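Protein chains: 4
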Amino acid sequence: MKKAFFLLSLALLLPALSAHAGKVVTDSMQSVTLGSEVKFNVYLPDGFDQSGKKYPVVYLLHGLSDDYQAWVQRGNMQTVLDELIGTGEACEMIVVMPNAGGPDIRNTWNGYFNMPGWNYEDFFFKEFLPFVEAKYRVIGDKGHRAVMGLSMGGGGSTVYAQRHPDLFSSCYAMSAWLDNKGGEVGGSGNAKKDCFYYVREAVRNHSALDFIDTADEETLSRLRTVAWFIDCGDDDYLLDLNVALHQKMRNHKVKSEFRVRNGVHNWEYWHLALRWAFPFATRNFSE
Amino acid sequence: MKKAFFLLSLALLLPALSAHAGKVVTDSMQSVTLGSEVKFNVYLPDGFDQSGKKYPVVYLLHGLSDDYQAWVQRGNMQTVLDELIGTGEACEMIVVMPNAGGPDIRNTWNGYFNMPGWNYEDFFFKEFLPFVEAKYRVIGDKGHRAVMGLSMGGGGSTVYAQRHPDLFSSCYAMSAWLDNKGGEVGGSGNAKKDCFYYVREAVRNHSALDFIDTADEETLSRLRTVAWFIDCGDDDYLLDLNVALHQKMRNHKVKSEFRVRNGVHNWEYWHLALRWAFPFATRNFSE
Amino acid sequence: MKKAFFLLSLALLLPALSAHAGKVVTDSMQSVTLGSEVKFNVYLPDGFDQSGKKYPVVYLLHGLSDDYQAWVQRGNMQTVLDELIGTGEACEMIVVMPNAGGPDIRNTWNGYFNMPGWNYEDFFFKEFLPFVEAKYRVIGDKGHRAVMGLSMGGGGSTVYAQRHPDLFSSCYAMSAWLDNKGGEVGGSGNAKKDCFYYVREAVRNHSALDFIDTADEETLSRLRTVAWFIDCGDDDYLLDLNVALHQKMRNHKVKSEFRVRNGVHNWEYWHLALRWAFPFATRNFSE
Amino acid sequence: MKKAFFLLSLALLLPALSAHAGKVVTDSMQSVTLGSEVKFNVYLPDGFDQSGKKYPVVYLLHGLSDDYQAWVQRGNMQTVLDELIGTGEACEMIVVMPNAGGPDIRNTWNGYFNMPGWNYEDFFFKEFLPFVEAKYRVIGDKGHRAVMGLSMGGGGSTVYAQRHPDLFSSCYAMSAWLDNKGGEVGGSGNAKKDCFYYVREAVRNHSALDFIDTADEETLSRLRTVAWFIDCGDDDYLLDLNVALHQKMRNHKVKSEFRVRNGVHNWEYWHLALRWAFPFATRNFSE
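Residue numbers (the working numbering), protein chains in the order written: chain A, 18 to 304; chain B, 18 to 304; chain C, 18 to 304; chain D, 18 to 304.
Since the hints were derived computationally from the structure, they do not count as laboratory data. Here the structure is a predicted model, which means the values were calculated and not measured. There's no promise every hint is true.
Heads up, the list lumps identical chains together, so a pair's fine if it works in one copy or across two of them.
Said to hold, decoys possible - 27 Å max Cα-Cα, derived DSSO-like pairs, lysine-lysine:
1) Lys209 / Lys265
2) Lys265 / Lys198
3) Lys210 / Lys71
4) Lys70 / Lys159
5) Lys40 / Lys152
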């Protein structure tokens, strides 16, 4: 009721804006792999319904204890992207924000990797990506697909692009949880085998750092076909993992952009990160 | 329930942070002038309860159709200010966010000025400011008091500092609604005398532009004791009012900082504005 | 001698950088129109000599009392552009910096317009542009040509793009001298008909503001095919002209980006402006 | 001659600016320790000659193969600081830029440490600092003294503040050369004992990293009285040293700000760094 009045007043107050105004729709699919429904948000650029054309796509991944709504509700991705498209810093694109978690981390599955009982990576590449790209007029090649995310989703983005460099033109990792060898998240002493235990194990077993250390030259040359960006706050408790990833990649001659801005592991950092992330993806899409 | 789990998990995940962490409390007072209860939020800096010391104060004003919760809920003022205090760009301060409106703009009073039935300026200076400064250990002189706000609150801030330059060391106006002579908000043809009508009339009658045009030299010399900052987006429909204020003040040798960043009349703009506004207030507090 | 040692030491110290490293060459042509030799600097992107391909071109114009060396020597355009190309924010491009002035403003011609004794606009479009674009492998269409400049060159850029919108995809004006109707530069009382007198008259007679005021709808529709950016410091003595240009264009529905940053009329402002100007030109080149 | 005309024309063109305008004077002293004259530049804030008051001081150190003129000529420190004082982001201060090198690095001494034949640290603390602070109305306590510098001067700043934490309230290190254990500068195989050899040895022997590793608790507690800022480009060949310093300090609970911006080891990076360095020093001066 209040909302209705609010919208009415805005309509009265604001002159017509010619600015770019995309929309966010909530959708879902039934996953055979996971045995459950998976919700996701999709940002569709201004004019999507009428244009009939195909668009580049970004997969934007949330963090531990968040869900598919986080980037819209807490990161204001819609307003930021509208503004960046308006200035031309980002191109018109579709942004897909799938669910891979929830706030009750001990009893709800979180994570982008395969783990006992939650084969999310299988779901993502075999079920989800084909489904969403068929449904939403995505161009659908490496040159027009990017992945980005924060924390657990920054690690997920990095590992997805490491293991599938043929699918992504760029990867932007924010405050990324790239390994758990030092018990960075949740400590190392907890033996209770709940959902939180398995995601920590999976992150450890999918270490983005070990991946570089053990990559052969052919793998490295494939990594060089992806544009990498690593962005982490100077007081973030995951900083060292991110530093190490940049150093290892550089030492193996895989170029990555690296930034350390002021900040900790919070939404102020990620909200601002979008202002670099969408333009970076845009610049690395094929023409 | 979900919230409890969420907080629990954060406690598990995050190492102790030494960073600055203020808190926001919601309070209210019964106004005789307005004949109603007025709610307000107060940001108290880290250690407020223990320190026993007095602090500078900022009055942070919301816009039309918003209320006292907007700066916390939509502007994330708490996280931004914590971060700025952490780096030293802002000093420890108390921030007071009073209610002066609501979303149902036709049937709820909005506005910072006196108008028939809603003498808010009287309330603010005679009831509210004394009440809050007595209750919350505010230093309480011009050298340690600032005012800032967005849109209707940007206009309110400007006019408050124009009419009470002895009370404020600085004023930061964001996307300010400074006059309504051109029917900038709500158009000019609406004759229905509802709450929205009266706030538009009040803004017209308290024009910050006319104030400069008609100021005598003594008034101008008092305006020069305030540090002014005007910040408005290049695509904001109120831009011309803000340009005019800067030009008029400069032409009368009242120095003001002026910025036009990319943007429209939205929370992305105001959220970012806080990163300049709190440091500006800080630099202009007396030592 | 010192320079030789310096370069030697750098060669010893620095590991090979894979970063983009363009070069600046100084060239000249004999102008029939002006009856003199005209020098110019040209920035050529990394690999220009080997690539064999054609590039977009930017004309980068200096200000009053400066010359063709100013952007390289005082604006560090080479390092800035190398860095922007390195991150992909700017594309590989050729930047042409022609001479249109000199420090002895009373006895040396300054200016981008036709004036008695100095028909520079004729020279620019009939002699210079064809010469340079034939010589330097420029793509040579509107979609791959931009103009930008500071102060007198900001005015020159704007008027060139106004009068030749079929030639430029974008125009970036920094602290632009757009008119002299208020005696903004040099005052209005000086009657001595030296070179400085004539450039002031020419700027007045080529007012970018009058151009908008008197443009018919067909002209306006052609202006809409150019991307405009106006960038001026809040304490620049030419601010009001730049504000007026943005307002007039917006009122005639010719979209322009507009920014007011902190600053005055100096090289700190223009040096930083390049970080927005080259990416803006890039985004507005055709693909 | 040209210069005279240029200044004349500026005087004609520009309206009087009320902005802050400091000046830079070149001075020198005869050093007994070094057995030679040492030149230095001093930035004096607007009004210094008339004010009679004492000011905070910053020591701003140049890099290898540069000299005392570099910060003024290549870093434009004067304009940047004038502007920052104008907005209040920096306070009025004296900036001292001593000579500690020169371009012929094999035959001219470079360096801030004691080495065979060049006891610069002795000179700096026993001769230079007392001389300059007596001559230029410096407040002269830890609370009003800071040190900052680039590359070799960033290392010098860090080590000076490590070894003399009682003298400096803050230290801002840009692209700092903090050790030479990996042959970071000049490689490791060069055995010719020229000036360049000795500065590399001195940097190795004054490792800022080893200093933290071997510090006892009392030393660490003294380091905590200094505000530290480490700023290095993501593609700088000295990045890893700077990362390591931040990590070691944090692990020993000595707080430091840390930033990695886009860039390499060049003046674009250091020029911009001044915009954070002077405000950082200001915020950490005592009131």
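A quick look at each hint next to the structure:
| no. | hint | verdict |
| --- | --- | --- |
| 1 | Lys209 / Lys265 | neither (33 Å within a copy, 33 Å between copies) |
| 2 | Lys265 / Lys198 | both (16 Å within a copy, 19 Å between copies) |
| 3 | Lys210 / Lys71 | neither (44 Å within a copy, 50 Å between copies) |
| 4 | Lys70 / Lys159 | both (18 Å within a copy, 26 Å between copies) |
| 5 | Lys40 / Lys152 | within (16 Å within a copy, 45 Å between copies) |
Checked against the numbered hints given earlier, this structure breaks hints 1 and 3; the rest are met.
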